[in-house]
Structure formats: C-alpha cells, structure tokens
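*Asks:* Sequence:
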Amino acid sequence: MDIPIIQRIVQAASDKKALDIVALDVHVLTPHVDCFVICHGNSEPHVQSIAQEVRKAATEQGLRIKGVEGTTTARWVLLDFGDVVVHVFHREERE
-10 MDIPIIQRIV QAASDKKALD IVALDVHVLT PHVDCFVICH GNSEPHVQSI AQEVRKAATE
50 QGLRIKGVEG TTTARWVLLD FGDVVVHVFH REERE
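In our numbering, the protein residues as written are -10 to 84.
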C-alpha cells in the first residue's frame, strides 16, 4: 500500500469537505485491493465534487482509473484505481 498516495486521496476528499473519511487497509481480506477510502457528502453535487477532486488527485499521482460507477445519480460513487478503491457516498446512503 502506497501511503503517500492514500494520504493524497484523503486530502483531496478533505479539500472538498468530505465527511467521516476513513482509509481501511483491506489487503488481508482480498488479494485484489489494498485499501478502501470511504467518505460521504451531503448532496448529489457535493458527492460529484468530491469524486471529481479525488479522481483528479489520484491521476496526478500516477494512478490509472480502472472503473467508475454511480456518477449519474451521485448517491454512491465508486472509483476503482486497482489497489485503491474509493467509495463516495451520499450521507443518506452511507447511514
């Protein structure tokens, strides 16, 4: 797990005022993913903004996006960077 990249992703989410940001080391649970970053926003535009900033920051760090889901409704956006998967929830979905 590349700690500086995880820190940059967390910082990007924080820069957009994401709430309850958690980075979970899951490499012992799955051989395909090292870390989940989970956070939430209070509205669909907030979730979109967080997801866009995280994607921008991750690609600037050299991560390549492998998949994106949920951007249409912005209730739960998943950004798959391979070793790192970011979940940006709408507050109601996360609860």
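Hints may contain errors.
Below are the DSS-like pairs computed for lysine-lysine, each with C-alpha atoms no more than 27 Å apart in a straight line [said to hold, decoys possible]: (1) K5 x K55; (2) K55 x K6; (3) K45 x K6; (4) K45 x K55; (5) K5 x K45.
So the derived label-pair ranges between C-beta atoms look like this [as the list claims (entries may be wrong)]: (6) D4 x R83: 14 to 24 Å; (7) E81 x P(-7): 24 to 34 Å; (8) I54 x Q(-4): 10 to 20 Å; (9) E82 x Q41: 10 to 20 Å; (10) L18 x I(-8): 25 to 35 Å.
For the record, the hints were derived by calculation from the structure and aren't laboratory data.
All values derive from a computational prediction rather than experimental measurement.
Beta carbons: idealized from backbone N, C-alpha and C, even for Gly.
*Asks:* Against the structure shown, which of the earlier numbered hints fail to hold, in ascending order?
*Replies:* 10
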